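Peer 1: Read top to bottom, the protein sequences are chains A and B. Those letters in the first sequence? Residues 708 to 823, by the numbering used here. Those letters in the second sequence? Residues 102 to 214, by the numbering used here.
Among the clues, some could well be false.
To be verified - Covered by chain B, per the in silico footprint, the following chain A stretches (three or more residues, Cβ under 8 Å):
#1 766-775
#2 811-820
To be verified - Computed far set for chain B versus chain A, every beta-carbon distance over 10 Å:
#3 S108
#4 A125
#5 T129
#6 K143
#7 V155
#8 E157
#9 S170
#10 K172
#11 Q182
#12 G184
#13 S199
#14 I203
#15 S206
#16 P214
Please keep in mind that the hints were generated in silico from the structure rather than gathered at the bench. Keep in mind the model is a prediction, meaning the values are calculated, not measured. We treat Cβ as the ideally placed atom computed from N, Cα and C, and that holds for glycine.
The primary structure of each chain is shown beneath.
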Amino acid sequence: EPEVTQTPSHQVTQMGQEVILRCVPISNHLYFYWYRQILGQKVEFLVSFYNNEISEKSEIFDDQFSVERPDGSNFTLKIRSTKLEDSAMYFCASSLYRGGSGNTIYFGEGSWLTVV
Amino acid sequence: QQQVKQSPQSLIVQKGGISIINCAYENTAFDYFPWYQQFPGKGPALLIAIRPDVSEKKEGRFTISFNKSAKQFSLHIMDSQPGDSATYFCAASLMDSSYKLIFGSGTRLLVRP
Numbered sequence: 708e709p710e711v712t713q714t715p716s717h718q719v720t721q722m723g724q725e726v727i728l729r730c731v732p733i734s735n736h737l738y739f740y741w742y743r744q745i746l747g748q749k750v751e752f753l754v755s756f757y758n759n760e761i762s763e764k765s766e767i768f769d770d771q772f773s774v775e776r777p778d779g780s781n782f783t784l785k786i787r788s789t790k791l792e793d794s795a796m797y798f799c800a801s802s803l804y805r806g807g808s809g810n811t812i813y814f815g816e817g818s819w820l821t822v823v
Numbered sequence: 102q103q104q105v106k107q108s109p110q111s112l113i114v115q116k117g118g119i120s121i122i123n124c125a126y127e128n129t130a131f132d133y134f135p136w137y138q139q140f141p142g143k144g145p146a147l148l149i150a151i152r153p154d155v156s157e158k159k160e161g162r163f164t165i166s167f168n169k170s171a172k173q174f175s176l177h178i179m180d181s182q183p184g185d186s187a188t189y190f191c192a193a194s195l196m197d198s199s200y201k202l203i204f205g206s207g208t209r210l211l212v213r214p
């Protein structure tokens, strides 16, 4: 079964450093997302991306965050200057049709970010 | 209004028993209600989903019951197995106006052998 793959699986970074989390969505999917899950808490939406632009973002997704699809296969999340509270599991996800429309969103296994 | 409230936070069930997890929402514009299953170290995976035009959906041992007037929906796991031990998240979305899923807080299910 096709899957969303994420790298790295775990990253430790110093506060204030830039971090890039990488994702390879399912190959024929058109909609891409980032969610995060702080330890022990619920999964929270960060951003959705379609047709090379952000289609929706949450209040969490402030100017410190950016997303990019640099080529036909990768989808990245950049955190410009990490804070302690950015420590979380970050999930990349993708869907063939628009998520939130009853179409299945497939999640990767996550990138665990620890900011120290 | 955008929240989905989930209970219980944790649940212990004997093998063969019925696991029931409940969710409630406020926003009547929500029109898609999936349940996701998450094993430790893995991402959430879609388990079963329902739209508000039906009151129940069953897939194998998993059933969603939906009560539109009460703005509640629940997941029933029949004949619960140790392999069902995972965290379960309900979610909701606005079909025509949003790309995102709004998740509940999760229920950690442990099925004892």
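Peer 1: Can you give the numbers of the hints that this structure goes against, from lowest to highest?
Peer 2: 1, 6, 13, 14, 15
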